[in-house]
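So the chains spell out like this:
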Amino acid sequence: MKVLNIVETAYRATVEEQDDTILWLSHNLKKAGAEVSVLLRANAVNYAVEGQNASGLSFGAKKQTNPVDIVRDIKDMVAAGIPVLLVAEDASQRGLPDDRLIHGVEKIPAGDLPQLFDRFDHVWHW
Amino acid sequence: MSKTLTLALMDAPYEKAASTTALRLIHEALSRGHNVNVFAYEGAVNLTMADQKPHANPVKGTSLEEEDHPTTKEWIGSLFELAENKGATLKWINCGLCVDERGAGNWIPGPVRGGPPHFVAFAKSSDATLVIPTK
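So the protein sequences, as listed, match chains D and U. Going by the working numbering, the first sequence opens with residue 39, and the numbers climb by one from there. Going by the working numbering, the second sequence opens with residue 387, and the numbers climb by one from there.
Mixed in with the good hints there might be a few duds.
Some residues of chain U that are not near chain D, with every Cβ distance over 12 Å (derived) [said to hold, decoys possible]:
| id | residue |
| --- | --- |
| 1 | 454 |
| 2 | 487 |
| 3 | 512 |
| 4 | 514 |
| 5 | 517 |
Here are the computed lysine-lysine pairs in the DSS-like style, where the Cα-Cα straight-line distance is at most 27 Å [what the hints assert, rightly or not]:
| id | chain 1 | residue 1 | chain 2 | residue 2 |
| --- | --- | --- | --- | --- |
| 6 | D | 68 | U | 521 |
| 7 | U | 521 | D | 113 |
| 8 | D | 69 | D | 101 |
| 9 | U | 389 | U | 446 |
| 10 | U | 439 | D | 40 |
| 11 | U | 389 | D | 68 |
| 12 | U | 510 | D | 69 |
| 13 | U | 389 | D | 40 |
| 14 | D | 40 | U | 521 |
| 15 | D | 145 | U | 521 |
| 16 | U | 510 | U | 472 |
| 17 | U | 402 | D | 69 |
| 18 | U | 472 | D | 68 |
In case anyone wonders, no lab produced these hints; they're calculated from the structure. Just so you know, even glycine gets a beta-carbon here, dropped at the ideal spot from N, CA and C.
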């Protein structure tokens with residue numbers, strides 16, 4: 039079963055969950071036997087930018103000692119054989135230069151999305 | 387011939403109309419004798435919490451009985467009854483880790499604890515899978 043998970047909403051609950059819930063789910067679906075790919079679109083294309091740092095949060099004396107690390111999570115997905123793509127126009131519209139994108143993340147023009155979707159049994163837009 | 391539909395839900399109750407839309411889809415499918423699988427992820431695990439209680443409406447001055455305030459646990463419990471009456475199957479998986487982090491383990495009869503592998507199994511055995519995410 040080939041699944042394309044489209045992630046649109048960026049940084050939703052990442053502080054509380056210590057990860058993006060759909061990236062996490064995609065990793066688990068892969069472990070459960072699904073052939074998963076991930077497409078980042080809209081603000082979620084920022085997940086593919088190197089150098090993010092979410093550390094330093096504290097409430098009173100309670101420090102967040104294990105903050106979300108989206109860059110690590112994206113790199114782990116690529117290393118695990120999960121293709122990670124992003125919509126090229128969404129990245130350029132947000133001023134994200136190619137040299138700041140995580141190695142292994144593939145840019146795809148918006149016009150090529152229909153052909154991309156055809157390669158999957160399921161396209162789930164989260 | 388009956389079909390099987392899988393839905394992945396993410397919204398918590400009392401937040402968005404998407405939850406109501408999902409329950410309406412489930413109702414229609416079960417009413418027509420189709421089988422439905424639900425994977426409740428993140429806030430959607432709260433849809434079936436047994437501790438939900440209806441309330442009166444002090445703004446409108448209505449009593450508890452007059453308000454007849456709906457709870458999603460009652461709606462979903464009714465959907466399980468509908469499935470039984472129609473000879474269809476409603477399988478409802480609450481994501482276990484999502485339950486734990488929310489302390490949402492006390493739910494109505496019907497749903498069971500599970501995880502992403504159950505969602506994969508649902509999707510593989512279904513005619514269609516619909517994701518209704520939170521935004």
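Here is how each hint holds up against the structure:
{"no.": "1", "hint": "454", "in the structure": "33 Å, holds"}
{"no.": "2", "hint": "487", "in the structure": "8 Å, violated"}
{"no.": "3", "hint": "512", "in the structure": "10 Å, violated"}
{"no.": "4", "hint": "514", "in the structure": "9 Å, violated"}
{"no.": "5", "hint": "517", "in the structure": "4 Å, violated"}
{"no.": "6", "hint": "D/68 / U/521", "in the structure": "23 Å, holds"}
{"no.": "7", "hint": "U/521 / D/113", "in the structure": "24 Å, holds"}
{"no.": "8", "hint": "D/69 / D/101", "in the structure": "32 Å, violated"}
{"no.": "9", "hint": "U/389 / U/446", "in the structure": "44 Å, violated"}
{"no.": "10", "hint": "U/439 / D/40", "in the structure": "41 Å, violated"}
{"no.": "11", "hint": "U/389 / D/68", "in the structure": "26 Å, holds"}
{"no.": "12", "hint": "U/510 / D/69", "in the structure": "15 Å, holds"}
{"no.": "13", "hint": "U/389 / D/40", "in the structure": "21 Å, holds"}
{"no.": "14", "hint": "D/40 / U/521", "in the structure": "24 Å, holds"}
{"no.": "15", "hint": "D/145 / U/521", "in the structure": "24 Å, holds"}
{"no.": "16", "hint": "U/510 / U/472", "in the structure": "24 Å, holds"}
{"no.": "17", "hint": "U/402 / D/69", "in the structure": "31 Å, violated"}
{"no.": "18", "hint": "U/472 / D/68", "in the structure": "35 Å, violated"}
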